[in-house]
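Spelled out, the chains give:
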Amino acid sequence: MIDVLYFAWVRERIGLPREKVETNAETVVDLVEELKAREERYAAAFADISALRVAVDQELTDFSAPLKGAREIAFFPPMTGG
Amino acid sequence: MIDVLYFAWVRERIGLPREKVETNAETVVDLVEELKAREERYAAAFADISALRVAVDQELTDFSAPLKGAREIAFFPPMTGG
Amino acid sequence: MAVRIQEQSFDLGAEIEKFAAGRRDAGAIVSFTGVVRDDADGQLDRMEIEHYPGMTERAIAAIEAEAVSRWNLTEALVIHRYGVLRPGERIMMVATASRHRMDAFAAAEFLMDYLKSRAPFWKKEFTKDGAEWVAAKEEDEAALSRW
Amino acid sequence: MAVRIQEQSFDLGAEIEKFAAGRRDAGAIVSFTGVVRDDADGQLDRMEIEHYPGMTERAIAAIEAEAVSRWNLTEALVIHRYGVLRPGERIMMVATASRHRMDAFAAAEFLMDYLKSRAPFWKKEFTKDGAEWVAAKEEDEAALSRW
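From first to last, the protein sequence lines are chains A, B, C and D.
Residues 1 to 82 (the working numbering) make up the first sequence, in order.
Residues 1 to 82 (the working numbering) make up the second sequence, in order.
Residues 1 to 147 (the working numbering) make up the third sequence, in order.
Residues 1 to 147 (the working numbering) make up the fourth sequence, in order.
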């Protein structure tokens with residue numbers, strides 16, 4: 001089980017801020033494919049992953065990152081802080 | 001008659017902050033030569049004009065600047081503001 | 001080095017005064033303050049800032065540590081708000097203290113550039129016509145390549 | 001745009017708060033504050049700053065006007081003290097306000113670089129061993145070539 005978090009419009013499209021996901025995905029992109037296959041709202045949120053960013057255990061990484069040992073994955077659009 | 005002002009160590013070497021000078025000098029450097037000829041303290045203050053800055057009527061300029069019409073000449077070391 | 005992520009407003013004058021107080025070792029103090037600008041001719045009702053609790057603090061602490069490793073800083077402070085902000089309100093501030101002005105300026109700009117694009121905050125603007133997520137600017141991403 | 005040359009101290013927090021107050025048009029506010037640093041291991045008793053009344057105001061107003069012509073500024077402020085200053089006291093401050101952070105930062109750095117080398121102030125440091133005029137730094141003169 002892994003915690004999956006969504007922020008900003010990713011959260012809005014998927015319709016929830018976080019959920020627990022049972023997965024054997026080896027990489028972030030594998031997990032994305034599993035989520036997209038679930039329901040249309042996931043497919044909509046992840047339609048263009050080049051518009052998204054991902055953090056594994058609160059560290060920014062890329063979609064090819066391995067998930068082994070990860071506890072928390074977050075998906076969100078590019079940040080707009082400051 | 002022209003007002004001649006001295007600041008910082010130039011003022012200290014010459015021993016006064018300002019004086020009126022009767023001169024027909026055409027340029028700043030001509031005025032400097034007249035002052036150096038007066039007394040040792042002027043010669044000491046103006047020994048190396050590359051270490052000095054000059055303002056004519058409160059505008060920074062260089063030692064070749066003409067004095068025609070000028071009312072106020074100031075000599076000082078490089079500024080150290082901020 | 002300090003990081004504060006908070007919903008409530010902060011007192012800009014008091015924060016800078018406190019940051020600067022008694023800094024005999026630092027000749028130069030730089031601050032940046034971000035304000036909610038009323039962009040669309042008085043159209044903006046409010047901004048809502050979402051963030052990623054936990055990661056936000058980690059990310060900013062890492063950015064501060066990077067700044068400290070690059071420049072000679074005696075102190076740095078980042079305050080960043082989340083939640084609802086109205087036009088004219090202060091969103092965030094950065095302050096840096098150093099012996100020399102070049103370091104204080106460079107570190108403050110570096111912190112701002114990284115906060116813009118690498119700290120997990122997202123802004124949504126609400127006008128009478130609706131709400132829209134603020135898009136990241138290419139120029140902000142490009143600014144990172146300076147460092 | 002404002003310039004204040006004064007002997008008395010100024011209230012840093014209050015000045016920045018006042019400068020920033022109600023700036024709905026500016027998203028970015030940058031400040032620089034110069035502090036008398038106690039350089040020589042607690043040796044510095046005081047600094048005395050001499051200036052050229054009249055020219056000082058003119059020179060700084062010209063530098064501000066140049067900054068306004070180069071960057072998109074909504075406001076700028078320069079306060080600079082003269083007279084006797086003790087370690088820890090604030091010598092001067094610059095503040096800039098702009099729609100965008102790049103302009104506010106660049107203008108503040110520009111103002112500082114020009115104030116350092118082109119505004120008629122001279123600093124003298126007094127320690128128990130005597131007094132010495134602060135020499136202009138080559139790096140400060142060199143910094144002007146950035147602009």
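It should be emphasised that the hints constitute simulated quantities derived from the structure, not laboratory data.
Fair warning: there could be bad hints in the mix.
[Unchecked claim] Pulled from the structure, derived: some chain C residues nowhere near chain A, Cβ distances all over 12 Å:
#: 1; residue: 9
#: 2; residue: 56
#: 3; residue: 123
[To be verified] Restricting the straight-line Cα-Cα distance to at most 30 Å, the calculated cross-link-like pairs of lysine-lysine (DSBU-like) are:
#: 4; chain 1: D; residue 1: 18; chain 2: C; residue 2: 18
#: 5; chain 1: D; residue 1: 137; chain 2: D; residue 2: 124
#: 6; chain 1: B; residue 1: 36; chain 2: D; residue 2: 137
#: 7; chain 1: A; residue 1: 20; chain 2: C; residue 2: 18
For clarity, every value in this text was computed on a predicted model and none was experimentally measured.
Don't be surprised by glycine CBs; every beta carbon is placed ideally from N, CA and C.
Going back to the hint list, which numbers does this structure go against? When the structure is compared with the hints, numbers 2, 3, 7 turn out to be violated.
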